[in-house]
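Order-wise, the sequence lines are chains A and B. Counting from 1, position 206 in the first sequence corresponds to residue 206 in my numbering; the numbering is continuous, with no gaps. Counting from 1, position 44 in the second sequence corresponds to residue 44 in my numbering; the numbering is continuous, with no gaps.
By construction, these hints were calculated from the structure, which means they are not laboratory data. Owing to the predicted nature of the structure, the values given are computational and were not obtained by experimental measurement. There may be inaccurate statements among the hints.
[As the list claims (entries may be wrong)] To give an idea of the chain A side of the interface with chain B (calculated C-beta under 8 Å), a few residues:
#, residue
1, A108
2, L109
3, N112
4, G114
5, L117
6, K180
7, G181
8, I182
9, A183
From the three backbone atoms N, C-alpha and C, an ideal C-beta is built for every residue, glycine too.
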Amino acid sequence: MMPATKSRVIKNVFKDSMQLMQVTEAARGLPGVIDAAAVMATQTNKELLRRTGLLSEEIEEAKPDDLVVSVLAEDEEKANDALNRMISLIEKPMEEGKQKAYISLEEALNENQGLNLGIVSVPGEYAREVVVPMLQRGISVHLFSDHVSVEDEVYMKDYALERGLLLLGPSAGTSILGGKGIAFANSVRRGPVGIVSASGTGLQELSVILSRAGTGISQGFGVGGRDLSDQIMGKMTKSSISILEEDTETDVVCIVSKPPGERAMTELLSFLREKTRKRYVLCLLGWEGNIKEERIKIAPSLHAAAKFCIEMVGGEAELGDFEKLLAIAEEIRERAGKRRFLRGLFTGGTLAYEALIISSQALGDVYSNIPISPEFRLRDSNVSYMHTIVDMGEEEFTQGRAHPMIDPTLRNIRVKEELLDRDVAELMIDVMLGYASHHDPAGSVAKAVQEIRSSKDDLPPLLVHVCGTEEDKQNLKMQEKKLKEVGSFIFDTNAEMSVAASLSLLQNEESKIRLLKGYLGEE
Amino acid sequence: MDEKLKSILKGEIQAVNVGLEIFADELESQGAKVIRVRFIRRPKLEKELKDILDILGS
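When you get a sec, could you build the whole thing from the sequences and use the hints?
Structural data, given as structure tokens:
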């Protein structure tokens, strides 16, 4: 019997990436199926199908609005059976047992009184027409959608503020409100630290570090990646701060963002000085300014931010054992041998950015698809060059497919490629747990590592930070165990992983100490 | 503070989810009430026409 590939193009049919991923996973479990995919025919997805041997001539000619189904099975009969099963799953109207879904938003809003929170994840160009009717009815909104215009963002935020409501987002990956995780969030302890974050994975990482250290969070507001830009001027950041100032359960507030716009930063500082009384930690990754204020502290990393917050609430921050990190870095160096380059493949955008800042500071030129300066932009995000860190949640990897925190397929393929590269000294990855993330992300990457072990004995060291808690549905300890079983080095925070990775490539002792102190919150 | 916002911050969430169903599933698993709305993309021409009418009407 010969393996056979069967495919079908379904013209002008759109299904969301989550639904298609579920169909793909169901097909992979069918008898005799070697691999399968149900995806929209975007360039990214065609490239993935090509790399996995699932691309046919028919699919090559499909348009991005077409849905394609392809399956590789042990023989023709099994391939046909699987293909038919996949098509019937796609055509199935609604998952059994699930609550009725409204087709009309207006009808849903009219028939259900008492709604207080909207969660919106529609294509960005449609966001405003979905969000505004919610705000009109006094419903605050967490807006997950990307590609919302600045004009629409300003309009919706002003509209919300006029009504005393929240518009969290756009591009808000995470919020934690009243102890409940919205979108991608972890199951964390409640406690005295309030978080206002322009970054989803930044909020996840900070809340996880705090929770694992025994401190918890009161509220976590995901305000959207652009909120502290000069165009938006921190509209929702300031509004969230005002809520936390009044909140009796919040003692310390941490603000997380990429570097703010100059005007937005000036305004934020005036606001903090004039309108607030509590203590603040500002973690503005990559911001090069400094502030000397008694109750405002600047943190160079999420690890340092957590440490400062814990100290401010009177706790003991047992984070970052320098001796242990130096010893691990030495072990990584030995395993890396003469290989030269650092690589990083991240699913969390802010974790990629934090790793990029730390490794650039230590090693100089680090290339990326989210570079610190334009000369270090990768020509092709699919091809690493010298030291490289890639954010695999960026648009070029997610068009027409689920985010890699949900569907790890693309990242796993790249993990194998990097580990097989003879010049790669070490590979860093993040593994994001929590609500909405893949049910077994560590198991999936461990399987990818196992698959290439037979073709190359001397794989470079794999460094992993698992961002999650024992209360997460995937369970932190279980996930870490799977990665340890394939020989990975496990780190408690993303900053520790990034520092250890850089330490292993550094020779100068002074540079090592500067790196450790610089990013791990040592005065 | 707005009463509905106060309820959210107490964790008494009653949500309406438009888009990815996984967000509704996960919030429900935490004990929140969630109403689901299936988002259907309108054809581009229809959306463009509505956008123009909105501008003319504002």
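Each hint, compared with the structure:
no. : hint : result
1   : A108 : holds (5 Å)
2   : L109 : holds (7 Å)
3   : N112 : holds (5 Å)
4   : G114 : holds (5 Å)
5   : L117 : holds (5 Å)
6   : K180 : holds (5 Å)
7   : G181 : holds (7 Å)
8   : I182 : holds (7 Å)
9   : A183 : holds (5 Å)
In summary, this structure violates none of the numbered hints.
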